[in-house]
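Sequence lines, in order, name chains A and B.
Count the first sequence with the numbering used here and you get residues 1 to 308, in order.
Count the second sequence with the numbering used here and you get residues 1 to 308, in order.
It should be emphasised that the hints constitute simulated quantities derived from the structure, not laboratory data.
Just so it is clear, the structure is predicted and the values come from calculations on it, not from any experiment.
Virtual Cβ for every residue (Gly too), placed ideally from N, Cα, C.
Just so you know, not all the hints are guaranteed correct.
As the list claims (entries may be wrong) - No more than 35 Å apart at the CA atoms, straight line, and that leaves these computed lysine-lysine pairs for DSBU-like: (1) B:Lys143 x A:Lys280; (2) A:Lys280 x B:Lys120; (3) A:Lys98 x B:Lys35; (4) A:Lys280 x A:Lys120; (5) B:Lys98 x B:Lys16.
To be verified - Some residues of chain A that are not near chain B, with every Cβ distance over 10 Å (derived): (6) Lys35; (7) Ala37; (8) Ala59; (9) Asn116; (10) Gln139; (11) Val162; (12) Tyr211; (13) Ser219; (14) Asp236; (15) Phe254; (16) Asp285; (17) Val304; (18) Pro307.
What the hints assert, rightly or not - Where chain A lies over chain B, by a calculated footprint (3+ residues, C-beta under 8 Å): (19) 116 to 128; (20) 142 to 154; (21) 182 to 189; (22) 206 to 216; (23) 242 to 252; (24) 273 to 284; (25) 294 to 306.
As a plain string of letters, each chain reads:
Protein chains: 2
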Amino acid sequence: MREIVIGGAQMGPIQKADSRAAVVGRMIALLDQAKDAGCDLVVFPELALTTFFPRWYMADQAEVDRWFETQMPNADTQPLFDRARAHDIAISFGFAEKTPEGRYFNTSILTDRTGNIVGKYRKVHLPGHSEFDTERAFQHLEKRYFEPGDLGFPVWHNMDAVMGMCICNDRRWPEVYRVMGLQGVELIMLGYNTPSVNSQMGSEGLEQRLYHSDLSMTSGAYQNSAWVVGVAKAGDEDGHPLMGGSIIVDPNGFVVARAQTEGDELITHACDMDLCNFGKTTIFDFARHRRVEHYTRITSQTGVEVPD
Amino acid sequence: MREIVIGGAQMGPIQKADSRAAVVGRMIALLDQAKDAGCDLVVFPELALTTFFPRWYMADQAEVDRWFETQMPNADTQPLFDRARAHDIAISFGFAEKTPEGRYFNTSILTDRTGNIVGKYRKVHLPGHSEFDTERAFQHLEKRYFEPGDLGFPVWHNMDAVMGMCICNDRRWPEVYRVMGLQGVELIMLGYNTPSVNSQMGSEGLEQRLYHSDLSMTSGAYQNSAWVVGVAKAGDEDGHPLMGGSIIVDPNGFVVARAQTEGDELITHACDMDLCNFGKTTIFDFARHRRVEHYTRITSQTGVEVPD
């Protein structure tokens, strides 16, 4: 048994006017809860430090820049790293990253139990659009404010397990789980900010959107025999609702913990990494069963090509 | 609207002693039911003409050969093709194929509404093993009796839709749906013979096995914005139970029809191919969102390679 007690630290809404310091205070409160619950590792949402700013169209780059971090940790987040180290808890969270070269990414990091950053991921599948869209009920400008991640889907050895990360819309793409699965991933962590309403189909409904979120993560877990932890930023941000539905999924694709609210809420589960072994050595023993000669379109072709 | 009324013709058990003619008689009865129900297309299971013989270890090739068809249609199946043509119904079913060159495949075919075969698929992902396995509760010798399919995952234009096929264990592999999705598939048909018991983990239970079957098909449908029709051969074949659970899944990943029995049973749904359009042009618009530069492991690597 290789047990890791994992906390999914769902966060309620962050308003535009909220300071980083206030947000970090809430994250530290969740860390304290996690310590009391015996957690070894705590996963926070995508863009955990700020409101989900890609919903706002900003023409002025200086206005954009204020949502980005130029180093990590920094003065605002150092207290979070310090508390994690004090609690002997590894953490993962997302933030908007501006590099020294002036590049912009939607990023998440993973630490060990001493607060050292051991992994960094930059979101590959940016949803939405890059210019103001008059057809949508609201904007989703991730393709404007970020460039697609340039680090691929690496995995890291941490806490005697193989861990990987992805972010939000990445979770809907089976390629993401598979690339990590091919590296033996045992735990996939992800955060998300998912609007409760489809900006292009208002009638879709929250229930369907939660189902799609679950479906993406449960199938990714099952088909790669890995734990998946998906953590929402939820609730009403300046009039724009984000869905909750944070879950922990076991390597059989079953949801073993689920958030009940749209606020700051910790969900936990004692996750045995050895539960990954059965699937990885039987039905999903890739070496015995995969037939890559028939998968060529997946990497040779980006869009749809309908044969004649 | 491009509506196709689809019938999923689940079949109950076929015993070793049952003749092809008797089985075809049952298939024709299901076709007649489908005609009464207004069906345009009927999908039958994998290896629809015989018992699921890969559960039996056979050392004698002549004994193996009697489960295979050397042409299609043939004398036993011609009445099925004739009835389908008379009813103006396209059909798909699976059978064991021996080629003139003496090659063995687990195959399915698709006809148009006049009984002409317009598509052929050979199962790529063969589960199980090739030699007698003393560790298993029962045998699953697909890797012994078949070679992996050599046709890839083609799609066909049929009935004003883009259609593809896969078979049984193929449905658990997201690569299968994606390769067809990249060809614009709108309807994926598959049959299966899935034991109700995991031969390597008896405690797994039928409920979990049905969930995994559903999960594979619902996620494949959603992530590729396509209809999926999965049809079981079910029930007790000479003391070996096969699960039912035949379903029709819409392009949002919702189950819209489900078999209730483990016997011969027709499920139907009026499937509008135009329901595929929304997903294919928004969240799963592959050309805009896929990032193939980060998927290289999927085709360059068969088995797991854990990084240092």
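Query raised in the report: Between Lys98 of chain B and Lys16 of chain B, is the straight-line Cα distance small enough, at 35 Å or below?
Result: Holds, at about 19 Å.
Query raised in the report: Taking C-beta pairs only, is Asp236 of chain A more than 10 Å away from all of chain B?
Result: Correct as stated: the minimum Cβ-Cβ distance to chain B is 23 Å, above 10 Å.
Report task. Please confirm whether Phe254 of chain A is truly not at the interface, meaning its C-beta sits more than 10 Å away from all C-beta atoms of chain B. Result -> Phe254 of chain A is in fact no farther than 10 Å from some Cβ atom of chain B, at 8 Å.
Query raised in the report: Does the alpha-carbon distance linking Lys280 of chain A and Lys120 of chain B stay inside the 35 Å limit?
Result: OK: Lys280 of chain A and Lys120 of chain B at ~31 Å, within 35 Å.
Query raised in the report: Any Cβ of chain B at or closer than 10 Å to Asp285 of chain A, or is the non-interface label fine?
Result: 8 Å, violated
**Report entry** Minimum Cβ-Cβ distance from Asn116 of chain A to chain B exceeds 10 Å
**Finding:** The claim holds: Asn116 of chain A sits with its nearest Cβ about 18 Å from chain B, beyond 10 Å.
**Report entry** Closest CB of chain B to the CB of Gln139 of chain A still more than 10 Å away
**Finding:** Given a closest Cβ separation of 15 Å, the condition holds.
Requested in this report: Please settle this one: Ala37 of chain A was flagged as non-interface, so is its CB more than 10 Å from every CB on chain B?
Outcome: With a cut-off of 10 Å, Ala37 of chain A remains clear of chain B, as the shortest Cβ separation is near 28 Å.
Query raised in the report: Taking 10 Å as the cut and beta carbons as the points, is Pro307 of chain A off the interface with chain B?
Result: 6 Å, violated
Query raised in the report: When you check the alpha-carbon spacing of Lys98 of chain A and Lys35 of chain B, does it fall within 35 Å?
Result: 63 Å, violated
Query raised in the report: Between Lys143 of chain B and Lys280 of chain A, is the straight-line Cα distance small enough, at 35 Å or below?
Result: 18 Å, holds
Query raised in the report: In terms of Cβ atoms, is chain B entirely out of 10 Å range of Ala59 of chain A?
Result: 23 Å, holds
Taken one by one, the earlier hints fail for this structure at numbers 3, 11, 12, 13, 15, 16, 17, 18, 23, listed in ascending order.
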